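Trainee: If you want the building blocks of each chain, they are given just below.
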Amino acid sequence: MIKPGSRWKSRVCEAEVVLVRPGKNDGQLQCGGFDMVPIAEDAEAMEIEAGMDAGCMAGKRYRSEKSGIEILCTKSGRGSLCFEGEILALVETKKLPSSD
Amino acid sequence: MRTTLLLELMADSQPDRVAIDGANGSLTYRELHARAASFAASLNGTTARAIGFLGVNSPALPVSLFGAALAGLPFSPLNYRLPDENLRRLAERLAPAIIVADDGLAHRIEGIPGVEILTRGTLTNLIATSAPSDFEPAEESDIAILLFTSGTSGEPKAAILRHENLTSYVLETVDFMAAQEDEAALVSVPPYHIAAVSSLLTSVYNGRRIVQLENFQPEAWIESVRRYAVTHAMVVPTMLNRILDIMAQTGQRLPSLRALAYGGGRMPLLVISRALKLMPYVAFTNAYGLTETSSTISILGPDDHSAARNGDEKAIARLSSVGQPVPGVEIEIRATDDTVLGTNQRGEIYVRGTQVSGEYVGRKTIDDKGWFPTRDLGWFDCDGYLFVDGRLDDVIVRGGENISPGEIEEVLLAHNAVRDAAVIGAPCEEWGEEIIAFVVAQSNVSEEELREWVRTKLRSTKMPEHIHFRDELPYNETGKLLRRLLRDEVTETG
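Here the protein sequences line up with chains A and B, keeping their order. Using the numbering used here, the letters of the first sequence map in sequence onto residues 58 to 157. Using the numbering used here, the letters of the second sequence map in sequence onto residues 8 to 501.
This list has only true hints and no planted wrong ones.
Which residues of chain B face chain A? A few of them, derived with a C-beta cut under 10 angstroms, are:
| id | residue |
| --- | --- |
| 1 | T11 |
| 2 | L12 |
| 3 | L16 |
| 4 | E179 |
| 5 | V181 |
| 6 | V196 |
| 7 | N213 |
| 8 | A268 |
| 9 | G270 |
| 10 | A290 |
| 11 | A294 |
| 12 | V333 |
FYI, nobody ran anything at the bench for these hints, they're computed from the structure. Since we're looking at a predicted model, the values are computed, not measured. Yeah, the Cβ is synthetic: ideal placement off N, Cα and C, and Gly gets one too.
Okay, chain A solo, but in the shape it has when bound:
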């Protein structure tokens, strides 16, 4: 099971993410069509898959409605973020005033 707090990097671009909420089921994160790898591991770079280039932005969260898994993008990239092949949706956050 991939763990909250675990950090992953893309094989097709600069993107890096961290898992902030686990999903209901285990599975693999993908970026640009290829499985992401643990941040400290070396992996062969791949060419981004066609249609998987919507990009991701540092500071934004992405969520799967189906499994509930939620990740935070910590480094922007060109690839689309997926979980088990399902494209993750950008979590729209309401800008809150600072309260503490």
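For chain A, the structure is supplied; the task is to place chain B on it using the hints.
Mentor: Showing chain B alone in chain A's frame:
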């Protein structure tokens, strides 16, 4: 997700940004992370079950907080304003523990079995000699923070905040790295206040520089805002009032300040109205939250405050509210028989959400559906604005009728001659309890006039039996009215 990740991510993304600033020193994100990791490494093999903290705001606070979290140990800031006897009792409850203490405070907790003292000076040396690479996390504990409640009624309870509660609060309320480079938040509440902990976590995740003020004094607060170009700050109502007094006296202004949040007690309408006038460009936010809810659960934001500033009657009335629940939090009002009440009906405030812990050492108060009874009274208006009306424990039972002191205080405060007011119940043979008011007057007014004022605005059963005039009311340093002292006074003389 653990609180340490918040720091780790910023240390990776913006290592050279200043994380901590102020008269006691500054640290970049890289330095803060390295020091916390060194402190954690020094804890390898420790038998301590918690890390305590006895000191004022300084870089040692975030270093020990994150260091404890990295080592998997709960972190517990202690109230240094407690008398020795009470402070030592809390330290004993943490044992076996290591307590990081300011050099001038360490002697107060000496000689307690199972308590090892680490002075701030020793902590600095230890960090310099302990390599962060040695670090191995100790046994995982999911408790991040143990915070003793102020104990206004009896022995303080140790509220448990788990990593999950705190990180959920951070994720729901701020965006990662969203702060502008020039943003700085001034923290002037002491380390043992929940807002000191939550502001540290939200600012670290947000990338906002934290300016620490050792001890709140209005002059020092204003000086810090000006000197460190502070853009954001949080104060409790009593602090705001004192800041405004100095600003009015000296004519000093705060050009860098963009946003001011307040909370931790009821804000008198007079004080906030004055603030809106004296700081015309500042965005105000009223935040309501409890230790047990990882800080803020409801917010009255800048737009509502601006509308009030422009004279909108409805918005002015709403200045007494705490606004609307933050994302991820549900709030409902319940009657004593647990039925959920509708709008404009007063009852106990219940709250639910991942950030809500509702847990103390040895006791869980959350029900099986996840609802936490806050022991606060309140109601929602028809537009979904929450009004908080004091503590359930402060309710006066007079002749079988439940009377909320907040309602009477509100009416007294609306009188032109009244600067501050507190209402309590005192034992009495005829009614069980009678209503006693304490008033700080700012112009001439008689007891009879004020009693009559309450009677016409509310009704005769809510009219105080006695009104005592005082030069000031007793508040603790974090702005909580000490009703207990007023009750003691009445019981002793009565």
